[in-house]
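S.K.: Letter by letter, the chains look like this.
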Amino acid sequence: MSEITIKQVTKRYGAKQVLKGVDLNLAAEHIYALLGRNGVGKSTLLRMINNRTLATSGSITMDGRSVVDNETIQNRIYLMNDSVLYPIDKTVSWHFHTAQLMFGGFDEDLAAHLVQTFHVDQTRQLRQLSTGFKTIVKLIIALCVPCDYILLDEPVLGLDAPNREQFYQELLATYAQRPRTFVIATHLIEEIATLVDHVFVLAHGVVTIDEAAETLQARGRAVSGPHQAVATYLAETPILSQTTMGQLTTAYTMNVPAAPVPPAVQVTALNLQQLFIALTREDESDAV
Amino acid sequence: MRFKQLLVLSLTQLGKILGGGMLFAGIGALVLGLGLGSEVMPGRYLLWFVALFGGLFAIDWTAGFAFQNGISRRTMWRVAMVVMLILATIGSFGSWLVLALLHLTGQPVVAGGWLTLSVMWLQLVVCQLVGLAIGAWNLNRRFGWAMLGPAFLLLSLCGALPQIVNQAPSAPMLHALWWTWRQQWPLALGLLVASVAGTLATRLIYRRLEAPLLPEVGQ
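Just so you know, the sequences run in chain order Y and V. The numbers in our numbering rise by one with no breaks, and the one at position 36 of the first sequence is 36. Quick note, our numbering runs 288 ahead of the 1-based positions in the second sequence.
So here's chain Y without its partners, still in its complex pose (with noise of 0.2 Å):
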């Protein structure tokens, strides 16, 4: 089974440094989330394994082979994210058989029944689409290439609910038919949070989390009460982030501690979302 491993990635644009030293792994058929708040470095990230862009320093290798200017590796990777690289003067229809003669192997009979299932018209050039239908084409092309990982970043941009929802119904379709990696950056993390089976968070430039999306979310709790309380409760445990309103505080923490809840304290489940902008969310009050 082959592998992406990315191993102390940074990368700088002039003064700023974006990536500070990034290890990660991307493992065969899996869905994987990243996320991180705007700026982060997310999509360079995904750009820098698709070779659009360099890194400065640390490796991006598959099963050992740098994946910088190695066609053979980069036939394998598929990037879909915001830009339009396609000319936009050829039809749609041209782009399917584009990306066929570029990639081979384009799943025809796929690509027929998304055409379908979104009424794409295939006659019609690029530019005379609009916002939504540009990203469903992308999104089609990026769901037919045979390539072994699809990194879409913001991939549902310009989408209405409905094709969203039908787009994660169509991604997981085609993932049960044929499994390969899925890398998904998004801001909807909710919309998400039931397809992909593995968390990365992107934050000051490192990775902070690198976790089953299954454990995470089970360790993930919220808790609520009096602020003395609260504090008191979670003495010894580390705290993510809190907010305090009036004599309330709600403290996010990944261990809640094993002694009893006093009774004046509440811990409830966290969401995905609402894990990742307790891990994410700069402090809005004073520490417990």
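Hint data in this document are derived by calculation from the structure and do not stem from the laboratory. Incorrect hints may have been included.
As the list claims (entries may be wrong) - Heads up, simulated DMTMM-like pairs for lysine to aspartate or glutamate below, C-alpha to C-alpha not over 25 Å straight-line:
#1 V:K304 - Y:D89
#2 V:K292 - Y:D107
#3 Y:K7 - Y:D107
As the list claims (entries may be wrong) - Partial chain V-side listing against chain Y, Cβ under 10 Å, derived:
#4 L299
#5 Q301
#6 K304
#7 A351
#8 G352
#9 Q356
#10 G358
#11 I359
#12 S360
#13 R361
#14 T363
Computed from a prediction, not measured in an experiment: that's the story for all the values here. For glycine and all other residues, C-beta sits at the position ideal for the given N, C-alpha and C.
Put chain V on the given structure of chain Y with help from the hints.
M.R.: What follows is chain V alone, placed relative to chain Y:
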């Protein structure tokens, strides 16, 4: 295989850009030429900008398309080199043909623009031949691609300032600077020497051929 596909796509795109651009520039040159009472100068500038920026756009398009399809910089660069060589060959062939015809007929027609253009094209050929040679020799060079953009831009500017470009081998200098910045000293030096020599040689030939015909364009 991908090289050929990319090259075909790139040339198609270039053809479209240049076809449309040249038509537009031709009309513009005619209008300006008539308006300003000059037959050559406005047209020369317009054609220069269309050719060079058209080339730049085509290569930029090629790069974007290549990135989207997992094509390496190396292949991109080779495609760009071939595209530029084709451009340069067409340009220099046309210019030398004009020059040869002038010598054959002995007619000092007002063709200063074309003659100046020939030097530009020849410089471009020299630069890119050297670049191509480096590309063939050092195929893993990651940033070879980036040599082209600055050179194109500079040459575009030079197109509007023929007297300056006749005096300075600025394009090869820029290439060498790039490699210097990348701390590839032998490459930078080699490129500098080879390109300057090539540029000087073309300038020498040009001067010898041009001088008796077009003193008004001379140095």
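S.K.: Does each hint hold? Answer for all of them.
M.R.: Now the hints, each set against the structure:
no.: 1; hint: V:K304 - Y:D89; verdict: holds, 11 Å
no.: 2; hint: V:K292 - Y:D107; verdict: holds, 23 Å
no.: 3; hint: Y:K7 - Y:D107; verdict: violated, 33 Å
no.: 4; hint: L299; verdict: violated, 13 Å
no.: 5; hint: Q301; verdict: holds, 7 Å
no.: 6; hint: K304; verdict: holds, 8 Å
no.: 7; hint: A351; verdict: holds, 9 Å
no.: 8; hint: G352; verdict: holds, 4 Å
no.: 9; hint: Q356; verdict: holds, 4 Å
no.: 10; hint: G358; verdict: holds, 3 Å
no.: 11; hint: I359; verdict: holds, 6 Å
no.: 12; hint: S360; verdict: holds, 4 Å
no.: 13; hint: R361; verdict: holds, 5 Å
no.: 14; hint: T363; verdict: holds, 7 Å
In this structure, the hints that do not hold are numbers 3 and 4, in rising order.
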